[in-house]
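> For the record, the sequence lines run as chains A and B. Take any residue in the first sequence, count from 1 to its spot, add 1: that is its number in this note's numbering. Take any residue in the second sequence, count from 1 to its spot, add 1: that is its number in this note's numbering.
FYI, nobody ran anything at the bench for these hints, they're computed from the structure. Just so you know, not all the hints are guaranteed correct.
[Said to hold, decoys possible] In silico DSS-like cross-links for lysine-lysine, where the CA-CA straight-line distance does not exceed 25 Å:
1) B/Lys259 - B/Lys344
2) B/Lys3 - A/Lys118
3) A/Lys3 - B/Lys118
4) B/Lys123 - A/Lys3
5) A/Lys41 - A/Lys88
6) B/Lys344 - B/Lys254
7) A/Lys412 - A/Lys344
8) A/Lys388 - A/Lys426
9) A/Lys123 - B/Lys3
10) A/Lys259 - A/Lys406
Number of protein chains: 2
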Amino acid sequence: MKQIDVGLLGCGTVGTGVAKLLIDSSEVIGARLGATLNLKWVADIDIETDRGIQFDEGVLTTDANSVVNDPNIDVIIEMIGGEGVAKELILKAIENGKQVITANKALLASQGNALFKAAAEKGVDLAFEAAVGGCMPIIKAMRESLVANRIQSMIGILNGTCNYILTKITEERSAFGDALTEAQTRGYAEADPTLDVEGIDTAHKIAILTALAYGMEINLPEVYIEGITKITPLDVEFAEHFGYRIKLLAISKNHGDKIEARVHPTMIPFGNLLSNVSGTVNSVMISGDAVGDIMLYGRGAGMMPTASAVISDVVDIARNLMAETTRRIPALSFQRNHIQSIKIMSMDEIVTHYYFRFTALDRPGVLSKISGVLGNYDISIQSVQQKGRKTDGSVPVVMMSHLAKEVDVQKALAEIYNLDVVSDKPVLIRIEDEQLD
Amino acid sequence: MKQIDVGLLGCGTVGTGVAKLLIDSSEVIGARLGATLNLKWVADIDIETDRGIQFDEGVLTTDANSVVNDPNIDVIIEMIGGEGVAKELILKAIENGKQVITANKALLASQGNALFKAAAEKGVDLAFEAAVGGCMPIIKAMRESLVANRIQSMIGILNGTCNYILTKITEERSAFGDALTEAQTRGYAEADPTLDVEGIDTAHKIAILTALAYGMEINLPEVYIEGITKITPLDVEFAEHFGYRIKLLAISKNHGDKIEARVHPTMIPFGNLLSNVSGTVNSVMISGDAVGDIMLYGRGAGMMPTASAVISDVVDIARNLMAETTRRIPALSFQRNHIQSIKIMSMDEIVTHYYFRFTALDRPGVLSKISGVLGNYDISIQSVQQKGRKTDGSVPVVMMSHLAKEVDVQKALAEIYNLDVVSDKPVLIRIEDEQLD
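Can you build the whole structure from these sequences, using the hints too?
Written as structure tokens, this is what we have:
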């Protein structure tokens, strides 16, 4: 049986999962692949810790460079993370003609264009199924299954940490801070949760998916990013009153000559399947002109789910090597000469529905003043909810808008905040609901 | 640019969709593939009807044999359906060394083993993404994305007609016959709906998936099949009372040395995402030892969604041909020498939870008699619901069981039907709920 020699760089959580699968599941993988995946090297700065794996003698090394320079290695799996040494090792591996696999979404989102270019010039593959959505086969679906479709939109829950926290706030009316602490205790959030809760990790993923979907380069800087730190049980409660749940959504829409790519807390109706995706799970709904809507759902993180996605890349590459081919599928889905320059719209240009919560003094005329300002900016309201608890003499005034333009909304809200009857910064949550006018 | 020559056999609904995509979407397909898919032949007995497609001069033919015998054709797409001429043409195409694509689940379920053997011996591919779940990439997910997993179970809604009818019965309390008529009016059900409503089409699909999942040959005759024709609004109402919806599920479970493969109406809890899959959509939840649960969701039928899946096969094959390789992935996921003989359990052996509805005379002692018989067969009951409308002096007595064995259940129900206090055949619906004891 043919053997493919694999070098693993980084043996943290996901790296350990990859090693486990390569060793413990070698039989079932081999029965499908018809070849053996041989884990020849595992490089990590820590080769002392017991990872619960019986490595063969001499497999563990602290010298990652020697792994990428080993002429007998066919495939390099980069599981180090970060944008420093990981990038250097990937580039070195490409230069050495290795096929490379990574789950490093931060690196791909910020420097993927250069990395994919390097791989194309060298004629090797740089695979990254595990970079987006963990075990959900979203990269494969986009690059292979939807190949006959013009992608119209993608709407997804792409960060398990945020979805866990929002589920906690929704189901238990926890405050954000308490829900975050619980997520940290359970190992679902990092000690420094910034990348997750500020929406940055989600933005990395939608930046990658957006490039794949529409045939453009990765453009992270133009993705709008807003996290979940300001979501309160009160807004969750009002959302439910109107028939919505709040999720951190990545939204990407194709308008032909320009596209939307944004990450922010979003209200979606109960009838939308995504509103029922709870806990640490990821899910994405993709619309294509031939398929209509398809949805994928699965664990977006965690040792074994992510490792499973990495191994699917290893096997894909092994199948190519067995057929003596590489670059069977372009990394960003489109042939490089078909990658276009498509503008991502500024947030100001976005037109959508809005939920507003104003903290107003409990006195007559408030509603008229607020709605007057909104009217001046062409923002029309489809429902108002004024009942609610009084806090320090203020009451929440909640409104759902018809379609409105973000630039108008921001100006109106700034003006409303300056009204003497408004005592706190207005809250804005965007709504994604095709049923609304 | 390289050109792949394609011959299409059968230009009915899905065939027309395939032709449309090959012509209307050639630009986006070419931008991804880096080659042209040339629709050289379209064979159909009817070449007069206007299908809304501008075919090139001479593309349409009534002579399917000349298409499969054309030495310049690389890929044959079989969209004729049925098990007669379709099978002969597929075998002829294989014999001629063509790569073949089909969506013919009935043919694959009944004669796939022979067809896949013929393709293997000739060294060509026989691809079938569109045979199961329409545009949902379930075949690709199973064969490629989950390659590192031991599949533990698959639970799916695989027939859009049945799901539409059950959605109608659920949401509008329609009788089965009325819901079927509505489905026929809307074009979601055939004039003769037997294959769909009797669960046979679903069985075809789960027979194929079961082979792919566990590494065995296709074994349709041993799949248990029960349709939806006996589902009533009354049972839907009781199901809701207990927190369940009724879906026609395909259930396939891996017990190591034997497996379950069965199709029947099933109650699933509201919390299960599949219970929220409404209308003509398909969805499947797959459990693997590494990924946990993943779910796919998409249109299971219809011209363009199914055609999209067919084109994904054409592009996969075109990529192989461009790399001068074939049979990159084994048809049934496992290498042929790893395909095992695994027994499908008889229905008698199944252990699950049950919903029973007895039509009993409204008199004291009925419950004791019924539960006495159940007790004799070791079937214990976790809840009973006796209120409900009286019809002709009879009342429904509804029970939910703890885990019980099908053989015992069937014997008990036969005995209960013979009780003088029971006036109609007992209704049994199996329950799939991991939360139950």
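> Would you mind confirming whether the straight-line C-alpha gap from B/Lys344 to B/Lys254 stays at or under 25 Å?
12 Å, holds
> Please verify whether A/Lys388 and A/Lys426 have alpha carbons no more than 25 Å apart.
Holds, because 19 Å separates the two Cα atoms, which is no more than 25 Å.
> Within a Cα-Cα threshold of 25 Å, do B/Lys259 and B/Lys344 meet the stated pairing?
5 Å, holds
> For a C-alpha distance cap of 25 Å, please report whether A/Lys3 and B/Lys118 respect it.
23 Å, holds
> Taken at face value, is the distance from the CA of A/Lys3 to the CA of B/Lys123 at most 25 Å?
Holds: B/Lys123 and A/Lys3 sit about 22 Å apart, inside 25 Å.
> With a cut-off of 25 Å on the C-alpha distance, tell me whether B/Lys3 and A/Lys118 pass.
Given that 25 Å is the threshold and the Cα spacing comes to 23 Å, the pair holds.
> Is the hinted pair A/Lys123 and B/Lys3 satisfied, with a Cα-Cα distance of at most 25 Å?
22 Å, holds
> Checking one constraint from the list: CA of A/Lys41 to CA of A/Lys88, max 25 Å. Satisfied?
With a Cα-Cα distance of about 21 Å, the restraint between A/Lys41 and A/Lys88 holds, given a limit of 25 Å.
> Sort out whether A/Lys344 lies within 25 Å of A/Lys412, counting only the CA atoms.
Holds: A/Lys412 and A/Lys344 sit about 24 Å apart, inside 25 Å.
> For a C-alpha distance cap of 25 Å, please report whether A/Lys259 and A/Lys406 respect it.
16 Å, holds
Checked against the numbered hints given earlier, this structure breaks none of them.
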